[in-house]
Each structure stands twice: as structure tokens, then as C-alpha cells.
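Number of protein chains: 2
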Amino acid sequence: MKTEETKSETSSPTELIIKMAIKAWEIQNDRMNKVLDSLTDEDLLREIAPGKNRGIYLVGHLTAVSDNLLPLFDLGDGLYPQLGNLFVKIPDKSGVEFPTAAELRKYWSEVNAKLAHHFHAMQPNDWLAKHNAVSEEDFAKEPHRNKLNVLLNRTNHQSYHLGQLILLLNK
Amino acid sequence: MKTEETKSETSSPTELIIKMAIKAWEIQNDRMNKVLDSLTDEDLLREIAPGKNRGIYLVGHLTAVSDNLLPLFDLGDGLYPQLGNLFVKIPDKSGVEFPTAAELRKYWSEVNAKLAHHFHAMQPNDWLAKHNAVSEEDFAKEPHRNKLNVLLNRTNHQSYHLGQLILLLNK
Numbered sequence: 157m158k159t160e161e162t163k164s165e166t167s168s169p170t171e172l173i174i175k176m177a178i179k180a181w182e183i184q185n186d187r188m189n190k191v192l193d194s195l196t197d198e199d200l201l202r203e204i205a206p207g208k209n210r211g212i213y214l215v216g217h218l219t220a221v222s223d224n225l226l227p228l229f230d231l232g233d234g235l236y237p238q239l240g241n242l243f244v245k246i247p248d249k250s251g252v253e254f255p256t257a258a259e260l261r262k263y264w265s266e267v268n269a270k271l272a273h274h275f276h277a278m279q280p281n282d283w284l285a286k287h288n289a290v291s292e293e294d295f296a297k298e299p300h301r302n303k304l305n306v307l308l309n310r311t312n313h314q315s316y317h318l319g320q321l322i323l324l325l326n327k
Numbered sequence: 157m158k159t160e161e162t163k164s165e166t167s168s169p170t171e172l173i174i175k176m177a178i179k180a181w182e183i184q185n186d187r188m189n190k191v192l193d194s195l196t197d198e199d200l201l202r203e204i205a206p207g208k209n210r211g212i213y214l215v216g217h218l219t220a221v222s223d224n225l226l227p228l229f230d231l232g233d234g235l236y237p238q239l240g241n242l243f244v245k246i247p248d249k250s251g252v253e254f255p256t257a258a259e260l261r262k263y264w265s266e267v268n269a270k271l272a273h274h275f276h277a278m279q280p281n282d283w284l285a286k287h288n289a290v291s292e293e294d295f296a297k298e299p300h301r302n303k304l305n306v307l308l309n310r311t312n313h314q315s316y317h318l319g320q321l322i323l324l325l326n327k
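Read top to bottom, the protein sequences are chains L and V.
Position in the first sequence (first residue = 1) + 156 = the working numbering.
Position in the second sequence (first residue = 1) + 156 = the working numbering.
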């Protein structure tokens, strides 16, 4: 019995590190969810600093970038591919109509639930395989261009904008 | 010759992932250095948003947290341990005298040069070993509490504050 327990707790170093990276992603998501729960829809319409992006733009931007992980990781189509145009290519306050804060909150939750589902099913070999924006040829020379590397960078990206979104609290 | 070349380029999955994590740290450092180069000492005395931390506080804070990696990773004493009191325990604008922006730029560079030196010498086993804020007993049960995990979290932490510091640009 003891042996089995020990075995189930033991991961290879690679498995352990991948779990750490997924956990770091989840921590950022949890923090983001807490900040979103603390902000009203009206709060999200304010700029994070004078003349800078509004909260709603950052929520749309992060949702668009996360949604894009689905096709990038070969996990199917994005749920809301139209967000990539609105919140990545187009800057904030350019006169284009955006989804409402309530809609974006829903999209954010759905995209992250979908990603969480896939991330927990992915095996170490999946994480170390190439993503869809690199060719087989380039990947053979640059094996760091794998899905796990994208996850590390996207976690940092989310943290970067979370540091901005949090400025809307207690204002 | 070809075999040797191939061998030198081939890493184990664990080595590859550790290199990716160090690279992600370096990318954040490079971005931070570029932002610092673009900001004057006067810029750093402004608040990132009305009523929020000033740039100088964030530079001190990030330097203090990075400096603390030295003792945490058993790499010797911190270069500027006094910063931990000033920029972690004490909030900004509390009337305490801080080092100047010029001094903090110097400390930041020195701390990061020292860390870069150590990080490149560390082997996979070093990265997966426990850090100094966890006991042997707890580490045996929670092997994810290793140095690499701290690096992943500190990279996110740096990215979080970089997202704030960048708001001082073009203001």
C-alpha cells in the first residue's frame, strides 16, 4: 500500500516541471478571476491610467490571446476567434463597437474552462511537441518552440496585464 | 564531427525546459532594462497611475525581490539586503528616505548580473533542489517547492510590475 502511494506521488522531473508551469498559469487565472469579481462593469470602462487602455480592452485582449491557444495547440478552433481582430489588431478607443463587459466576462470564463480541460489531459510529450505557428523544419532545429514554452510566455503576458487591471481597484 | 555537434545541441527534456524558464526570465529582464533606459530619473518619481506606486518604488521593489533570490537559492548573501525592508515591508510614499533613482539603477544591474552568472552555472539538479524557505521535511512531501518554481513565479512577478512601469512611458 505504501509503495503504491509513493509511486502515485512520484513524477519524473519533466512531469513535475510541467505541473509547476500549469500551476503558475492557474495561479494567474485565479488572480485574474478575483480581480474581475471585485470590479463592476462600470469599473472596466475606466482607463487603467490617464490616456491608457481601459479595463474592458484588457479583458478582451487576454480572452482573445487565451482563445488563440486552442488552434495554436491544435485543440480545435477558438471559441471566439473574432476577438483577435477586435482586441489584438485594433487598439482601444478607436470607435469600434466591442462586446459588453458582461459578455467578455462570460467569454473569459468559457475560454479558460476549455483550456483547463485540455491542459489537464495533455501529456508531457504533448507539451514538448511543436505548436502550430512553427514549421516541422524549424522545430527540428529549435525544440524550445514547443507548447510549454508558449504557456510560460502567455502566463507572463497575463501577469503583465493583471498588474495593469489591478490599478482599477479601490479607485 | 557531425555527431558531436548533434550531441552538443541535444538536451534532455528537463534541461530543455529549464533553459526555457531561464530564457523567459532573461526576456523579462531585457524588457525591464529597455523600459528603464527609456525613462528618466524624473519619470521614475511619477506615480504609475493617480494615487498608486511611483516608478522608483517598483524599481526598488523588483531589485529587492531579485536580490533576495541569492540567499533563497543558497548563492550567498544578498548584495543589498536593506532594500527588502525599504521596498517590500514599507509602502511607497510613507516618508522614509529611499535610495535615488540613479543608485537603484546601479543596484538593479548589479543584482541581475550576479543572478545571471549563477543561473548559467546551475545544473538541472540544482534547479530542482529545495530553496531555503522550505524545510527538508516539507520538501520531501512537496517536491515542487524547488528553485525553478521560484524562478517561474518571480518571472511572473517581474512581468506584473513591468506592465505597471511601462505606463510611465510617453506620458
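Errors might be hidden in some of the hints.
Since the list can't tell identical chains apart, any single copy or any two copies may satisfy a pair.
Cross-link-like lysine-lysine pairs, in silico, DSS-like; alpha carbons within 27 Å at most [what the hints assert, rightly or not]: (1) Lys179 x Lys286; (2) Lys249 x Lys179; (3) Lys297 x Lys270; (4) Lys245 x Lys286; (5) Lys270 x Lys245; (6) Lys286 x Lys270; (7) Lys175 x Lys297; (8) Lys286 x Lys190; (9) Lys190 x Lys208; (10) Lys245 x Lys208.
I should point out that these hints are in silico values taken from the structure, not numbers from a laboratory.
These are the hints, each one checked on the structure:
{"no.": "1", "hint": "Lys179 x Lys286", "in the structure": "both (21 Å within a copy, 18 Å between copies)"}
{"no.": "2", "hint": "Lys249 x Lys179", "in the structure": "neither (34 Å within a copy, 34 Å between copies)"}
{"no.": "3", "hint": "Lys297 x Lys270", "in the structure": "neither (31 Å within a copy, 30 Å between copies)"}
{"no.": "4", "hint": "Lys245 x Lys286", "in the structure": "within (25 Å within a copy, 43 Å between copies)"}
{"no.": "5", "hint": "Lys270 x Lys245", "in the structure": "within (24 Å within a copy, 39 Å between copies)"}
{"no.": "6", "hint": "Lys286 x Lys270", "in the structure": "within (20 Å within a copy, 33 Å between copies)"}
{"no.": "7", "hint": "Lys175 x Lys297", "in the structure": "both (26 Å within a copy, 15 Å between copies)"}
{"no.": "8", "hint": "Lys286 x Lys190", "in the structure": "neither (32 Å within a copy, 30 Å between copies)"}
{"no.": "9", "hint": "Lys190 x Lys208", "in the structure": "both (22 Å within a copy, 20 Å between copies)"}
{"no.": "10", "hint": "Lys245 x Lys208", "in the structure": "within (16 Å within a copy, 29 Å between copies)"}
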